[in-house]
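Engineer: Protein chains in written order, with the working numbering: chain A, 219 to 603; chain B, 87 to 241; chain C, 407 to 1069.
Among these hints, one or two may not hold up.
Said to hold, decoys possible - Cross-link-like lysine to any residue pairs, in silico, SDA-like; alpha carbons within 25 Å at most: (1) 477/A / 663/C; (2) 477/A / 679/C; (3) 477/A / 440/A; (4) 849/C / 932/C; (5) 477/A / 456/C; (6) 849/C / 151/B; (7) 849/C / 96/B; (8) 849/C / 178/B; (9) 849/C / 129/B; (10) 508/A / 105/B; (11) 477/A / 661/C; (12) 849/C / 99/B; (13) 477/A / 489/A; (14) 333/A / 386/A; (15) 849/C / 119/B; (16) 477/A / 660/C; (17) 849/C / 95/B; (18) 849/C / 150/B; (19) 849/C / 177/B; (20) 849/C / 143/B; (21) 477/A / 457/C; (22) 917/C / 490/C; (23) 477/A / 498/A; (24) 849/C / 127/B; (25) 333/A / 359/A; (26) 849/C / 187/B; (27) 619/C / 932/C; (28) 917/C / 615/C; (29) 917/C / 938/C; (30) 619/C / 804/C; (31) 849/C / 190/B; (32) 849/C / 142/B; (33) 508/A / 594/A; (34) 849/C / 139/B; (35) 849/C / 179/B; (36) 477/A / 459/C; (37) 508/A / 554/A; (38) 508/A / 354/A; (39) 477/A / 293/A; (40) 508/A / 321/A.
In short, the hints are calculated from the structure, not lab data. None of the values given here were measured: they were computed from a predicted structure.
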Amino acid sequence: MTTVRPPAGHTDVAGELALVEEPPFRVPRDRADLHLFLQAALALEHLTIPPYLTAMYTLHPGANRPAFYAVRAVVLEEMLHMALVANVLNAVDGRPRVAHSRFVTGYPARLPYSKDRFPVALRHFGVAALETFLHIERPEYVAEPPGHPSVADDDGWTSIGQFYNTIGAGLVRLAGELGEAELFRGDPRRQVGPEHFYNSGGEIFRVTDLPSALEALRVITEQGEGVDHTVYNTDDRIFGEVREPAHYFRFDEILRQRKYGPYDTPASGPTGAALDVDWAAAYPIDPEAKAADFPAGSEVRRAADRFNEGYAQLLCVLEGAFTGDPETLGRAVPGMLALRELAERLSRNPHPDPARRERGLHASATYEVTDEHFARARGGHLGTP
Amino acid sequence: MTAELTGFVGLSVRLTGFDAFDLHATGMVRLYHDTTLDQIGREAIGRFLADLESVGGDPDRLVDETSRDIARAITHLWYLGVWPQLSRPVHAALGREQANVAFTVSPEAYTEGLVWRTFHGHPAGAKAPGFGTWADPPPDASAPARAGAGRGNAS
Amino acid sequence: MTATPPHPGARRYDVIVVGAGLAGTLVAKQLGDQGWRVLVLEAGTDTLSTWPGHLDALDTFYSATAKVPNSPYRPNPAAPSPDLLDIEGLPGGGYRSHGYFLQDGPLPYGTDYLRATGGTTLHWLGLTPRMLPEDFTVRRAYGYGRDWPIGYADLEAHYRAAEGELGVAGDAAEQSEAIGLPFPEGYVYPMREIPRSHLDRLLATELDGFPVKESEGAPDTVLRVVTTPHARNSTPDPRYDGGRGYRPVGAAGLPNYGERCVGNASCVPICPVQAKYTPLKTQARWDRRVALVTHAVVSRVLTRGDGRVLGVEYLAYDDPAAPAHTTHTAEADIVVLAAHAVENAKLLLLSGLAGHSGQVGRNLMDHPVLLTWGLLRAPTGPFRGPGSTSGLESFRAGRARRDRAPFRIEISNWGWSWPTGAPGSDVARLLGITGDSGQPRGKGLFGSALRATLGDEIGRQFSLQFALEQDAEDRNRVTVDPGRRDRLGIPRPVLTYDLSDRVKRGMVAAKAVSDRIFARLGADDRTAYGPGPFSPGHFRFAGRDWVFHGAGHGAGTHIMGDSRDTSVVDAWQRCWEHPNLYAVGCGSMPSVGTSNPSLTLAALALRSSEQIHRDLTELHRPVVVRAVPAPAPAPLSGGAVPAPATAPGPTPVTHHRGPEGQP
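Model the full structure from these sequences, guided by the hints.
Structural biologist: Next up, the structure:
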């Protein structure tokens, strides 16, 4: 795994940051290139899920429910984004691959598609976690895709938005070069539809042509960062749903302990109702925890290992649904709920290392998924509790 | 974690048959410790612990009815999240100030009850296992849960 | 929710609906959608329609030591509800009742309801079987009870409409083939059936095709496990609605939640994710012309001399705990009572209305339930999934109805929770803790012995619920006692209740069937009936002890019929003597069959809404329609045909503000 030193200012992350592979800085040239970009997008959408889940699952039982539901809503949208990217990739006759060890980055990781060396770590619910989330979801200047004169001097990606716009540009270009029908020649039976996927932060839709592919990219970018200069996303326009603040502003609400009102803007900040947050009602964990930190043979270690194995199984179910029968996607839900319980049980246990326990740290799920885990997961039973 | 809490966990392992990981995993250790202290008092707990010590830490060998009823109450608390009524004579013998009524110590205590784990289930109304899981065969309920993992995995 | 009080000075509405439960919510939805101005008066609070209110109910449920159906919902002394904990059995038999109901019958009425926005449907199980065609004609076909003035065919389209509104998951082909229900060609429910539980599958393996005799010499009845339709989110069926499909309706108050049942196993008393239908989901889509006023307890219906009603008087309170209220009136062209069978009867009696037939309050019914329970040899997977996913339907129809009440058998997925209070009772029992703290306690099990014994015993629990049809009897009734009043001064309902020998014979047959099923399964039968504090429904019959339970299916009290001399309402649920007063709900049912009644209630409410719309159109016929420029509010004075709503969407809820704008 390639790593890099974290920047100063995040002193609790002392070790090195894992590097997420980025596609070359160019507009996808051909179908194979497009597959590479969309596979990278799939990994990017997954990257943020473990940090969000860690914040949720380190809360004390029953504590901070408004914050829990807010983070949960964002996680659901990230999962929707993963499924939408998989639909786009399948539509252009690609093969979404999520069940291999390189798909899951090590944590802490360096935030990709950014000039900053910003660490994305698995942190307990708290100010540091929320500041990480805000950085990930921050609305930022989105430069033109590579090849545009204005970015002639750049040698790499400067924002996630730029990366997605580049995929969009590639789709448009290839649809022109190959013909739309030829580009979207993927097997329509691979498409995940609303009967397969639910509670998903907007309704999943099938991708069959250029407009639906671009719509999928639009949902992904707008749910995250909001639209133009407003606090809200476009779910009400796209899905006919209740207007909700985009991810960035939902995290901002928690951090500032106040909701955005209907007339608030990014400049005004939130002026709506108070939102109670009890910062002490979370189990502190080591942001660089590894399963190997827990003594071999200990109950905590066994649980951490089982979590990683269960996570591998979950990704196998997802890959099966994305590359085979979308009907099987529903089997991922019991796996996720079981992992949630195991992660919560871990974080309620004091860290088995006496020194870390002395500092008040607790055990945690580490999301280290190896090829061995995948090998075992493929041999084991899936989805049955 | 204080030595007193560690001791409470050790005592609870013997009473409940669940290991320390499972007990910590409820997030209820401190609340149950404090509840027990509040309901019985430090002095009575001291006598109870001494009594349990004298029979080698095996609650089955407790003879004194007061000690047995305290053992029942702490176990009941862990299994259901509910502090039970003590037997009337024991309540009187302890000279308790509290009313002798059963109560759920917190909403989360109910959802963290150990009883559900004995048959690899989940508390009614919480920790839902997902759509359609009820169609799957349950794990063999006669096999003891694997330490440290319980049913909380996707296998 | 923010408050938008009704227009100051506005007193008149097109329709007043009393009660924001299932029936009232559907009537208000239909009429609001057609542009009528609807005032819904709800006696209880509106706390539960917000997400924080829902979470509070969940916490209240978690904390309750007795997890009865009303346990999540905070008691409201200003609009009290009956509770299952209000009745207790006596050591030597018999029962004692306290709480809201006054009970003076030989047996207790063990059915509760909930007075709050959303109503009793907040804690329903969510099963939605249709009634059988023969259930509508029990007098003609089998010589008992009362017939409906309408039949299955009259209600079929409304059944479909109700299944769409509630979002029903089921297998119509199986319902048709196994039970004989007629559906239009090719009909599918909005969602595919809720998957069968592991226990259903175990039982189907042993019981499908198995013949049983319910008594010596009786003909064989062949058993078959059939999945049950649910108003619960499942996998949408793309074939529904001519291929347009169906989008499951999630939780009211939290986006992206509850779009599938996730198996919380607590449909009763509260679905934590709101995958189960509640009227709150329909209320979220009420037209803005529907105004909900909560904390408004209707005390009587106001009348003119000619039999027509003018409106209602209601008592508004602010703080449920404070003994203070104010009195208001509201007027409308049509008044719809939708407050529950018992409350509807209470209001008619207190108002002195609809008395010609002498049937108001009479024919009180329920589905008396007999429970049997035992242990299977292998784990059953108890306490998983919805309360029941399948049933045995073979005893609901046919010639045996001449002699005994028919019954529907629900396979319970929740172990012994109903019969014994498991698993809490198992923990207490094994620890040696007895119900009476004065009694000596058992030695008790501890440690791994306790854990293993609990796991083994609870893991093999199963139970069957036999829900019997209760025939309409005019001696079973609701009256009011002016000498005993609730805190707002409204006389409390008095219930006089008993079971007929026909019902009791049904229980004898049910128990015989249970015995044969248990023997077939090789089950260790732990069923035991006897008097005691938790058995208020104890009685003796045919030389044996029996205990029955209420199903929460309060019905009868203002039955419909084809004659003003023998029934309270007509086939449209309109009071014979009061052409602009409707009483809707299970109270209108002259017989209840063996189907859980909410779906039929919903179908009836949708059907009545059509007639109310026709009545209103008739009343407003001479007036010229005026276009109302958007977005100016439509005139609220009476008499004009309402303009179409200018902006669809949820109507803000007013908090106890009356139409006068005063608390």
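Engineer: Against the 25 Å threshold, does the CA-CA distance of residue 508/A and residue 321/A hold or violate the hint?
Structural biologist: The hint holds at about 18 Å.
Engineer: Is it true that the CA of residue 849/C sits at most 25 Å from the CA of residue 142/B?
Structural biologist: This hinted pair holds, its Cα atoms lying about 18 Å apart.
Engineer: Between residue 333/A and residue 359/A, does the CA-CA distance stay at or below 25 Å?
Structural biologist: Holds. Residue 333/A to residue 359/A sits at ~12 Å (cutoff 25 Å).
Engineer: With a cut-off of 25 Å on the C-alpha distance, tell me whether residue 508/A and residue 594/A pass.
Structural biologist: Holds. Residue 508/A to residue 594/A sits at ~20 Å (cutoff 25 Å).
Engineer: Can you confirm whether the C-alpha distance between residue 333/A and residue 386/A stays at or below 25 Å?
Structural biologist: The hint holds at about 22 Å.
Engineer: Given the hint that residue 619/C pairs with residue 932/C, does the C-alpha gap stay at or below 25 Å?
Structural biologist: holds, 22 Å
Engineer: Has the given pair, residue 477/A with residue 660/C, been kept, meaning a C-alpha gap of at most 25 Å?
Structural biologist: holds, 15 Å
Engineer: Would you mind confirming whether the straight-line C-alpha gap from residue 849/C to residue 178/B stays at or under 25 Å?
Structural biologist: Given that 25 Å is the threshold and the Cα spacing comes to 19 Å, the pair holds.
Engineer: Are residue 849/C and residue 932/C close enough, with their CA atoms no more than 25 Å apart?
Structural biologist: Holds, at roughly 22 Å.
Engineer: Given the hinted pair residue 849/C and residue 179/B, is their alpha-carbon gap at most 25 Å?
Structural biologist: This hinted pair holds, its Cα atoms lying about 19 Å apart.
Engineer: Are residue 477/A and residue 440/A close enough, with their CA atoms no more than 25 Å apart?
Structural biologist: holds, 20 Å
Engineer: Straight-line Cα separation of residue 849/C and residue 150/B no greater than 25 Å?
Structural biologist: It holds: about 11 Å lies between the C-alpha atoms, which stays within 25 Å.
In summary, the structure agrees with every hint in the numbered list given earlier.
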